[in-house]
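Visitor: Sequence:
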Amino acid sequence: MDKVVTSAAQAVADIPDGASLAVGGFGLSGVPAVLIKALYDEGVTGLDVVSNNCGAMESGLAVLLAAGRIVRVTGSYIGGNKEFARQYLGGEIELELIPQGTLAERLRAGGCGIPAFYTPAGVGTQVADGGLPWRYDGGGGVAVASPAKEIREFGDMEYVLERAITTDFALLRAAKGDRHGNLVFNKSSRNFNPLAAMAGRITIAEVEELAEPGEIDPDQVHLPGIFVQRVVALTPEQATDKKIEKVTAMSREVRA
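Heads up, the sequence shown is in this note's numbering, so the first residue is 123 and it goes up one at a time.
Simulated from the structure, these hints should not be mistaken for laboratory data.
Where a beta carbon is used, it is the ideal one built from N, C-alpha and C, also for glycine.
There could be a bad hint or two in this list.
Below, simulated EDC-like cross-link-like pairs (lysine to aspartate or glutamate); rule was C-alpha separation at most 16 angstroms, straight line [claimed, not checked]:
hint, residue 1, residue 2
1, Lys-298, Glu-337
2, Lys-125, Glu-334
3, Lys-271, Glu-218
4, Lys-365, Glu-330
5, Lys-364, Glu-331
6, Lys-298, Asp-339
7, Lys-204, Glu-180
8, Lys-368, Glu-180
9, Lys-159, Glu-359
10, Lys-159, Asp-136
11, Lys-364, Glu-180
12, Lys-204, Glu-214
Simulated restraints on C-beta separations [what the hints assert, rightly or not]:
hint, residue 1, residue 2, range
13, Glu-180, Ser-310, 13 to 23 angstroms
14, Thr-128, Glu-180, 22 to 32 angstroms
15, Val-193, Lys-271, 18 to 28 angstroms
16, Gly-202, Asp-363, 17 to 27 angstroms
17, Arg-194, Met-279, 24 to 34 angstroms
18, Ala-238, Ser-373, 49 to 59 angstroms
Given these sequences and hints, build the entire structure.
Guide: Dropping the structure here:
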């Protein structure tokens, strides 16, 4: 089945206001920036986003965030995104912060049909006990706090119950993909993209290089096409338009 669509706009055209999205990417690596921009151009709002972080350097999800299109985020990292921090502390957005490994497993569980699982991460903290501020009231108080979660003991350790995540749609970016939706990711962009893809009921992938079926060695496939419903081939300019979050370089004196 050929899953390639003609444009990013066509790929996201049926995403409605209020949809939930699992979005791949790790920092600025593997972020589906073209699909996100297409969603912005469509004017979609009221989005419930699940992603490790919410964009940076006015790119990726930061585009939707700055426009007030996101109402809730489930993620692990605010980082240097000052607008994200401002909206959260000002009560404009709801944020469920969870441990990074737990987020990864909740997405994977959703894709595997596992409704919940137990993990030691967060036991003895507000992650398990409840009380984490999900939404502030704009005046420094907490309007919505996280609930307490079930704790069980296995052996001599306590574990907290975490529920799987599924979303209406998933957006991701791959280094290479074929027309059947089989995808290959580059380095750290593999951290969350495959997991986001598994959690989405309809998964849309932008690919930097489009291959014909059979051109990708099956042993090199990171995500099989069964998890992908739509593929968008990027132009060379789109594929190479990548930002660097933190530039570090040695001086000539140090190198010498």
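Visitor: Hint check: Lys-298 vs Glu-337, CA-CA at most 16 angstroms. Holds or violated?
Guide: holds, 11 angstroms
Visitor: Do the alpha carbons of Lys-204 and Glu-180 lie within 16 angstroms of each other, as the hint requires?
Guide: Answer holds: Lys-204 to Glu-180 is near 10 angstroms, not above 16 angstroms.
Visitor: Next pair to validate is Lys-364 with Glu-331; report whether the Cα-Cα distance is within 16 angstroms.
Guide: Given pair Lys-364, Glu-331 holds - Cα atoms ~15 angstroms apart, limit 16 angstroms.
Visitor: Would the pair Lys-271 and Glu-218 pass a check requiring their Cα atoms to be no farther apart than 16 angstroms?
Guide: holds, 14 angstroms
Visitor: When you check the alpha-carbon spacing of Lys-298 and Asp-339, does it fall within 16 angstroms?
Guide: With Cα atoms ~12 angstroms apart, Lys-298 and Asp-339 stay inside 16 angstroms; holds.
Visitor: CB of Thr-128 to CB of Glu-180, is that within 22 to 32 angstroms?
Guide: At roughly 28 angstroms between Cβ atoms, Glu-180 and Thr-128 fall inside 22 to 32 angstroms, so the hint holds.
Visitor: Honestly, do Ala-238 and Ser-373 meet the 49 to 59 angstroms range at C-beta?
Guide: holds, 52 angstroms
Visitor: Note whether the CB distance of Val-193 and Lys-271 lies within 18 to 28 angstroms or breaks it.
Guide: For Lys-271 against Val-193, whose Cβ atoms are near 23 angstroms apart, the range 18 to 28 angstroms holds.
Visitor: Within 24 to 34 angstroms or not, the Cβ separation of Arg-194 and Met-279?
Guide: With Cβ atoms ~32 angstroms apart, the hint holds.
Visitor: Can the restraint linking Lys-364 and Glu-180 be considered satisfied, given a maximum Cα separation of 16 angstroms?
Guide: holds, 13 angstroms
Visitor: Check whether the Cα positions of Lys-368 and Glu-180 lie no farther apart than 16 angstroms.
Guide: holds, 14 angstroms
Visitor: Taking the beta carbons of Gly-202 and Asp-363, is their distance inside 17 to 27 angstroms?
Guide: holds, 20 angstroms
The earlier numbered hints are all upheld by this structure, with none contradicted.
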